[in-house]
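J.: Letter by letter, the sequence shown follows residues 1 to 260 in the UniProt record's numbering.
Derived by calculation from the structure, the hints in this document are not laboratory data.
Be careful, since some hints might not be right.
[Stated by the list, open to error] Here are the computed distance ranges between Cβ atoms for each label pair:
no.	residue 1	residue 2	range
1	235	141	19 to 29 Å
2	223	112	22 to 32 Å
3	20	258	49 to 59 Å
4	241	91	51 to 61 Å
5	258	15	40 to 50 Å
6	26	137	20 to 30 Å
7	81	235	29 to 39 Å
8	109	250	51 to 61 Å
[Stated by the list, open to error] Below are the DSSO-like pairs computed for lysine-lysine, each with C-alpha atoms no more than 30 Å apart in a straight line:
no.	residue 1	residue 2
9	85	31
10	85	2
11	160	137
12	38	27
Idealized CB from N, CA, C, for every residue including glycine.
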Amino acid sequence: MKIWSEETEDIYRLPEIGQEEIHRIEKEIKKNLPESYKELVLQQNGGYLNVNSVLIEKGNPECIGIDHIYGAGSPGILDSPSIVKEWGLAENLLIFSGEGNYWFALDYSANTPSVIYIEQESNKLVKVANSFDSFLKNLSTTAFTDDELEMEWSQEEADKIFSGIDYALIEEVLLSFQYAENLDMKWYLTKALELSTHPNSMVREVVVSILRNNAEEVLAEADFTTQELLLKALRNLLEDPNHDIKNEAEDIKESNNINS
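The whole structure should be built from the sequences, with the hints applied where relevant.
T.: Written out as structure tokens, the structure is:
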């Protein structure tokens, strides 16, 4: 079965890697990677999958959604220790897929690492396969319902994600709150202000988009503190080193008659 997708824009795909670099990574993480994982990343070093789920081996037949596998490097499996520490996970785990409140991991509590699935919000932990080999064999394509595909984050989860290093996930979570019911706009714009000076320009582009979509309503209806959060974020973006972001911020200022 063909594992890797042919996505042209693949945020999970890393540069090609060789055996020596894989050996160096194993020394760094102090874990022996499964041979099947090493073979996989030698073909392509991480990326989106050509499938969307994995069948659990034991218990009731159930498929869990998965659309990518991390590459050997960073961002990739080398970020696993920081994810484990940040979310209070067991140190014997090596995260190889996931986005902020769910992960697939290799569990090194036994000689041959099994594959487990962790869902942080519900404290769900499922053994998916006895080995990475079995995990790969159980990958498949499943027709999920819209409810099954929907992903929601709590503010606490979002706070952790925003302070992390997964820039693509930061963008996704920021945008996911934009049309949320009963959105705490003060919290949302506090996060937008914090991220308005983020080192990654794609994150700042999302922030300027959020300001554009909310400026008119916030300036007309929100309390003074909430308005100030938006204006402070806008001031940061007016000084942005990225020409396009700066122009977008100027446009927001002009279209909303903002003087300062």
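J.: Does residue 2 lie within 30 Å of residue 85 when you go C-alpha to C-alpha?
T.: The hint is violated at about 34 Å.
J.: Look at the Cβ atoms of residue 109 and residue 250 and judge whether their distance stays inside 51 to 61 Å.
T.: Given range 51 to 61 Å: holds, Cβ gap about 55 Å.
J.: Determine whether the Cβ-Cβ distance between residue 235 and residue 141 falls within the hinted range of 19 to 29 Å.
T.: violated (48 Å)
J.: Look at the Cβ atoms of residue 26 and residue 137 and judge whether their distance stays inside 20 to 30 Å.
T.: Hint holds: Cβ distance 23 Å, inside 20 to 30 Å.
J.: When you take the CB atoms of residue 81 and residue 235, is the distance between them in 29 to 39 Å?
T.: holds (37 Å)
J.: Verify the CB-CB distance for residue 223 and residue 112 against the hinted window 22 to 32 Å.
T.: violated (58 Å)
J.: That 51 to 61 Å hint for residue 241 and residue 91 (C-beta), does it hold up?
T.: This hint is violated: roughly 39 Å between Cβ atoms.
J.: Given the proposed pairing of residue 160 with residue 137, does the C-alpha separation stay at or below 30 Å?
T.: violated (33 Å)
J.: When you take the CB atoms of residue 20 and residue 258, is the distance between them in 49 to 59 Å?
T.: holds (55 Å)
J.: Could you tell me whether the CB distance from residue 258 to residue 15 stays inside 40 to 50 Å?
T.: Holds, since residue 258 and residue 15 (Cβ atoms, about 43 Å apart) stay within the stated range.
J.: Has the given pair, residue 38 with residue 27, been kept, meaning a C-alpha gap of at most 30 Å?
T.: holds (14 Å)
J.: Next pair to validate is residue 85 with residue 31; report whether the Cα-Cα distance is within 30 Å.
T.: holds (17 Å)
Of the hints listed earlier, those the structure fails to meet are numbers 1, 2, 4, 10 and 11, in rising order.
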